[in-house]
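The listed protein sequences correspond, in order, to chains S and C. The letter at position 100 of the first sequence is residue 100 when you use the UniProt record's numbering, and the numbering goes up by one with no holes. The letter at position 366 of the second sequence is residue 366 when you use the UniProt record's numbering, and the numbering goes up by one with no holes.
Watch out, some of these pointers could steer you wrong.
Said to hold, decoys possible - Computed footprint of chain C on chain S; a stretch qualifies when at least three of its residues, placed anywhere within it, have a C-beta under 8 Å from a C-beta of chain C: (1) 20-34; (2) 49-56.
Stated by the list, open to error - In silico SDA-like links for lysine to any residue, alpha-carbon gap of 25 Å or less: (3) 355/C to 53/S; (4) 54/S to 547/C; (5) 411/C to 31/S; (6) 54/S to 480/C; (7) 54/S to 386/C; (8) 650/C to 613/C; (9) 373/C to 31/S; (10) 54/S to 387/C; (11) 373/C to 21/S; (12) 411/C to 21/S; (13) 399/C to 43/S; (14) 418/C to 33/S; (15) 373/C to 547/C; (16) 411/C to 33/S; (17) 411/C to 79/S; (18) 484/C to 43/S; (19) 389/C to 57/S; (20) 78/S to 482/C; (21) 54/S to 368/C; (22) 418/C to 78/S; (23) 610/C to 360/C; (24) 484/C to 64/S; (25) 484/C to 68/S; (26) 373/C to 57/S; (27) 484/C to 53/S; (28) 552/C to 77/S; (29) 54/S to 357/C; (30) 484/C to 98/S; (31) 484/C to 21/S; (32) 411/C to 57/S; (33) 399/C to 40/S; (34) 484/C to 57/S; (35) 484/C to 33/S; (36) 369/C to 31/S; (37) 484/C to 41/S; (38) 54/S to 613/C; (39) 54/S to 394/C; (40) 399/C to 41/S.
Don't read these hints as lab results, they were simulated from the structure. Built from N, CA and C at the ideal position, the CB exists for glycine as well.
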Amino acid sequence: MWLLSGDAVVCLELACEDCISFLWHAVASWTWDAQDETCGICRMAFDGCCPDCKLPGDDCPLIWGSCNHAFHLHCILKWVNSQTSQAHCPMCRREWQFKE
Amino acid sequence: MAGESKDCYDKDDMDVDEKDKMPPKSGVMDIDGGHLHGERSDSKLVKNIGKVVRDLRGLGFTSMAEDAYASAIFLLLKAKVHDLAGDDFRTSVLESIKGWIQAVPLQFLHALLSYLGDSFNYDSPSSGLKSPLASRPPSYPGIDAPSEALVRWKLRLEYFAYETLQDLRIAKLFEIIVDYPESTPAIEDLKQCLEYTGQHSKLVESFISALRYRLLTAGASTNDILHQYVSTIKALRTIDTAGVFLEAVGEPIREYLRGRKDTIKCIVTMLTDGTGGNSNGTGNAGDSLLEELNREEENQENSALEDGFNTDDKQAWITAASWEPDPVEADPLKGSRNHRKVDILGMIVGIIGSKDQLVNEYRVMLAEKLLNKSDYDIESEIRTLELLKIHFGESSMQKCEIMLNDLIDSKRTNSNIKATIGQASQTSTVSEDSGISLDILDATIISSNFWPPIQEEALNLPGPVDQLLSDYSRRYTEIRTPRKLLWKKNLGTVKLELQFEDREVQFMVAPVHAAIIMQFQDQTSWTSKKLAAVIGLPVDVVNRKINFWISKGIIAETMDPESDDHMFTLVENTSDVNKNSGDGGSCEELLAGDEEGEGPVASVEDQLRKEMTIYEKFIMGMLTNFGSMALDRIHNTLKMFCVADPTYDKSLQQLQSFLSGLVSEEKLEVRDGMYSLKK
Ligand SMILES: [Zn+2]
Ligand SMILES: [Zn+2]
Ligand SMILES: [Zn+2]
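Please model the entire structure based on the sequences and the hints provided.
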């Protein structure tokens, strides 16, 4: 018979005569909540990953600067480390600071 | 039959006395052989024949006399081979034939030759021409030292027997391969025969024409052709360890399969799906071909420890191949490019042209499968991916791996989200407005950049469901910030339970079907226009989708005379309508979407089609001018002229599959590899 996990079966209308109960398996995609679609450093999609990574998402996270520009964490770290003096945001040239 | 001939062979080592007491057996042996074994008539017959031969010799007819008894013996041998071999491919007959040659014609010839006084001692029977049959030192029962003439006779008879058996088996090779692996003994026999006669080209020619006539026809399903192809490879590689002739035999099959639209799909299914529809009996049931190949490889690795590969064997084959006077089809250079063994997977991939196409197709099929799951169980998909990684490399399978990871991740996220329900969060746990708990919602969350393109439909879900989705999203963002969810509302699966006055029915449907039926809760009758507006889909789409519910007897369709529109009404009571298909209480599972034959994931074909349509006009124009053109000519012309906007960058195989699409749409026709406009 129907496998509904007990209390999971819920009637949409109270005291209805014709009644539908359901288990919904939905599909969504995740996305980074950023203004841009691609990383200004590596030009790869934020929802993909940086050139050094294989797995998107938590393994290759985004990071925001205080200027509100977002980059792949790995990309901006590389950028910051390559700068001899104070690093600036590659997008707006403001002094780079990680957003708190 | 087999047992009887075995007797013949088993007695081989006995001395003549015992053998002579054996009663005559088969009909054929009765006539001639019987006499040989009868104690008196035996020598009498030999004497009589001997006299005739001597008399003929005396008259100068030496060769005529020999021709006479030779042709009698060969006829007898041929009949014997046919008799022993028959249509039974499951037992080996070579040994019986050899045994019979020893026991009957050689005995007779020995007697005859000694009567004629032709025999003299043969010093080293192992030197000179050595028959590969004689793995043990040639033994002539009852004959101490065979004469040279007798040895020559033995070679002649055996060669004739091998050739006869080989021709028989080659003529039936198609059936033998259908019967593979049970027919392995017949294949082994054929292998030995060919090693002796070296007539491999006969096999190639005859088998190719059998394939054309029996297999490569419009009536054969792509699956059947593929399975015969795999059986052919498996069967022939025992004969042809270097894959030299396999290359030639396989080419017509590959060529033919390339013209079929569903080939890639069938190949991927055969490779990855153990439950797949074909019960042709290759491997264990429930075992994908990939699984089987993998197991085979492991076994080979184990045995490889003892002895890597019989290089002598391979060399012998290449030498045999280069003997062939007509090596056009079986070009030994083509086949012997250093494979250590016949690579079945390589020969399958060879049909498609590149492993990338195969991997792409698998990815689409995997996406379809994963998006239709109502749980997160992906054990078999993980196993398949591991096997694919072994064969195609990890980097090729990277995207598929991420897709599977998404499912694993989704499962974890889903239970984390459910766990937040119990906790006090800043907002209330159960959405108060609907009173529905999040328990009835699960979600698969995908990294869409790594999935094949997915068709999205704007679809209005019922209010309470929408409420659940936004509740779920909010909780997701809480635990995974700064990530958020974008719902693909047309995707997923819904288990529905419909309760009526007189029945209860369960379904597994796509969201669109659930969205439609749930509208009938508040209002049991809808015109298609109004329903379409509420669902948020075009009227024709709604009319098509609602057919699912009509076919189940849940909804009835009428014409509304006022609005001249389709009118859909919920069937509250089965007695209202004449009994329809929906039996009360039965659990009907149907993944809706299947009934239209197309899922939300864009197929590789569709993707390619989209990219290729710009060339369609060009191709049609070309064919109008040139009449008919071969594939590679079309390919080269496109390459030459379509250099910009956009540059033609498709492979030959991609072009071919696009063209076969046009053929099935009856825009083009193809004959003997030449494409032309359909008249
Ligand atoms: Zn980046
Ligand atoms: Zn990274
Ligand atoms: Zn900035």
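Here is how each hint holds up against the structure:
Restraint check on the segment 20-34 of chain S versus chain C: 15 residues with Cβ-Cβ distances below 8 Å, three needed, restraint holds. Counting residues of the segment 49-56 of chain S whose C-beta sits closer than 8 Å to any C-beta of chain C gives 3, which meets the bar of three, so the coverage hint holds. In summary, the hint linking residue 355/C to residue 53/S is supported, as the alpha carbons are separated by about 24 Å, within the 25 Å threshold. For the suggested pair residue 54/S and residue 547/C, the alpha carbons sit about 44 Å apart, so the restraint of at most 25 Å is broken.
Between residue 411/C and residue 31/S the CA atoms are separated by roughly 18 Å; this keeps the pair inside 25 Å, and the hint holds. A hinted pair counts as satisfied when its Cα atoms are at most 25 Å apart, and residue 54/S with residue 480/C qualifies at roughly 20 Å. The hinted pair formed by residue 54/S and residue 386/C meets the criterion: a straight-line CA distance of about 17 Å does not exceed 25 Å. For the given pair, residue 650/C sits about 12 Å from residue 613/C by alpha-carbon distance, which is consistent with the 25 Å threshold.
Our distance criterion of 25 Å between C-alpha atoms is met by residue 373/C and residue 31/S, whose separation comes to about 22 Å. With a CA separation close to 20 Å, the supplied pair residue 54/S and residue 387/C stays within the 25 Å bound. Between residue 373/C and residue 21/S the alpha-carbon distance is near 19 Å, which keeps this suggested pair within the 25 Å criterion. Note on residue 411/C and residue 21/S: the hinted pairing holds, with a Cα-Cα distance of about 23 Å set against a maximum of 25 Å.
The hinted pair formed by residue 399/C and residue 43/S meets the criterion: a straight-line CA distance of about 19 Å does not exceed 25 Å. Restraint check: the Cα-Cα separation between residue 418/C and residue 33/S comes to about 22 Å, which is no more than 25 Å; the hinted pair holds. Distance hint between residue 373/C and residue 547/C is fulfilled; the C-alpha atoms sit about 23 Å from each other, no more than 25 Å. This hinted pair checks out: residue 411/C and residue 33/S have alpha carbons roughly 22 Å apart, not beyond 25 Å.
This hinted pair does not check out: residue 411/C and residue 79/S have alpha carbons roughly 35 Å apart, beyond 25 Å. Taking the CA atoms of residue 484/C and residue 43/S, the gap is near 21 Å; set against the 25 Å cutoff, the hint holds. Restraint check for residue 389/C and residue 57/S: the C-alpha separation of about 23 Å stays at or below 25 Å, so the hint holds. Straight-line distance between C-alpha atoms of residue 78/S and residue 482/C comes to about 22 Å, which keeps the hinted pair within the 25 Å bound.
The straight-line distance between the Cα atoms of residue 54/S and residue 368/C is roughly 23 Å, inside the 25 Å bound, and the hint therefore holds. With a C-alpha separation of about 38 Å, the suggested pair residue 418/C and residue 78/S falls outside the 25 Å cut-off, and the hint is violated. For the proposed pair residue 610/C and residue 360/C, the alpha carbon gap of about 16 Å is at most 25 Å, so the pair holds. Between the alpha carbons of residue 484/C and residue 64/S the distance comes to roughly 16 Å, so the proposed pair stays at or under 25 Å and holds.
Proximity of residue 484/C to residue 68/S is assessed by CA-CA distance (about 18 Å); at most 25 Å being required, the pair is judged to hold. Proximity of residue 373/C to residue 57/S is assessed by CA-CA distance (about 22 Å); at most 25 Å being required, the pair is judged to hold. Of the supplied pair hints, the one linking residue 484/C and residue 53/S holds, its CA atoms being roughly 21 Å apart against a limit of 25 Å. A C-alpha spacing of about 59 Å is found between residue 552/C and residue 77/S, which places the hinted pair above 25 Å, so the restraint is violated.
Under the criterion of a C-alpha separation no larger than 25 Å, the hint pairing residue 54/S with residue 357/C is consistent with the structure, at around 21 Å. Between the alpha carbons of residue 484/C and residue 98/S the distance comes to roughly 21 Å, so the proposed pair stays at or under 25 Å and holds. About 28 Å separates the Cα atoms of residue 484/C and residue 21/S, which puts this hinted pair outside 25 Å; it is violated. With a C-alpha separation of about 15 Å, the suggested pair residue 411/C and residue 57/S falls inside the 25 Å cut-off, and the hint holds.
The hinted pair formed by residue 399/C and residue 40/S meets the criterion: a straight-line CA distance of about 23 Å does not exceed 25 Å. Taking the CA atoms of residue 484/C and residue 57/S, the gap is near 11 Å; set against the 25 Å cutoff, the hint holds. Restraint check for residue 484/C and residue 33/S: the C-alpha separation of about 6 Å stays at or below 25 Å, so the hint holds. A distance of roughly 23 Å separates the Cα atoms of residue 369/C and residue 31/S; the hinted pair therefore holds under the 25 Å criterion.
With a C-alpha separation of about 23 Å, the suggested pairing of residue 484/C with residue 41/S holds against the 25 Å cut-off. Annotation: proposed proximity of residue 54/S to residue 613/C is violated, straight-line Cα distance about 34 Å (limit 25 Å). A distance of roughly 11 Å separates the Cα atoms of residue 54/S and residue 394/C; the hinted pair therefore holds under the 25 Å criterion. Simply put, residue 399/C and residue 41/S have alpha-carbon atoms about 23 Å apart, close enough for the 25 Å limit, and the pair holds.
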